[in-house]
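In numbering that gives the first Met the number 0, the protein residues as written are 0 to 234.
Errors might be hidden in some of the hints.
[Claimed, not checked] In silico DSSO-like cross-links for lysine-lysine, where the CA-CA straight-line distance does not exceed 27 Å: (1) LYS84 x LYS74; (2) LYS84 x LYS68; (3) LYS168 x LYS126; (4) LYS105 x LYS168; (5) LYS102 x LYS126; (6) LYS105 x LYS126; (7) LYS168 x LYS102.
Honestly, the hints are just simulated from the structure, not real lab data.
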Amino acid sequence: MATDERGWHFIDGRSKIAIMTENITPPRRGRPPKRRAGTDDTRALLIRSGLELLTEQGFVASGLDPILKRVGVPKGSFYYYFDSKEAFGLEVLAAYDRYFAAKLDKHLSSDTLPPLQRLQAFVEDAKQGMIRHDFRRGCLVGNLEQEVAYLPERFRPRLLSIYQHWQSKVAACLVASQQTGDVTPTMNCNELAEQFWIGWEGAINRSRLIRDTQPLDRFLNHFIQLISPTHQTPV
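Can you build the whole structure from these sequences, using the hints too?
Structural data, given as structure tokens:
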């Protein structure tokens, strides 16, 4: 996985293109910006800037001005690429889903580790990412979930769909872990995967609050104990 000068990760060159330029539609309004030869696509840079800011501040608190200043685009040109802030936010959310799903696939589909250790490797990677960004950045989906009451209604089904997408990947990993004897065979892996993401988002938020990865370690340890065949349920 490559890292650019701002610390944003890309799986490979092709993934960078897919994350940043997919679903480009013809602009409808706003004045076209002056383009500098040799620069990346401005629309892609706006999405990238949005990814960086929204993972730190969420959607409601993020104004357009800081996003535009990072790219050097005048405000009038924003509407050359996006119909509204809502449309922009949905594009950023879709880009984040693609990026994060690729990260999950990298870890959970690896053949170099037993299935349950793959989940542990994913958590370790997330911990290192939080440390690298000094606990400023959280999970964009978790950020938006917290402010969903204040978001346009189109965000709600998108967020639910993304969680279901991620849950299916964790569920598949847990099913594989049942086959290796690391997860209780009678447990419903779809329900366990849902519990994982509910607990995960809480652990991410607490880690940002205290600026420490301990909540992630504690969450993972409790989750593994819960699903272990040797786990004893209190009477």
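Each hint, compared with the structure:
1. At roughly 12 Å between alpha-carbon atoms, LYS84 and LYS74 fall within 27 Å of each other, so this suggested pair holds.
2. For the suggested pair LYS84 and LYS68, the alpha carbons sit about 15 Å apart, so the restraint of at most 27 Å is met.
3. About 19 Å separates the Cα atoms of LYS168 and LYS126, which keeps this hinted pair within 27 Å; it holds.
4. Taking the CA atoms of LYS105 and LYS168, the gap is about 11 Å. The hint holds against a cut of 27 Å.
5. Note on LYS102 and LYS126: the hinted pairing holds, with a Cα-Cα distance of about 13 Å set against a maximum of 27 Å.
6. At roughly 16 Å between alpha-carbon atoms, LYS105 and LYS126 fall within 27 Å of each other, so this suggested pair holds.
7. As the CA atoms of LYS168 and LYS102 are separated by approximately 11 Å, the hinted pair is consistent with the 27 Å bound.
Comparing the model with each numbered hint stated earlier shows that all of them hold.
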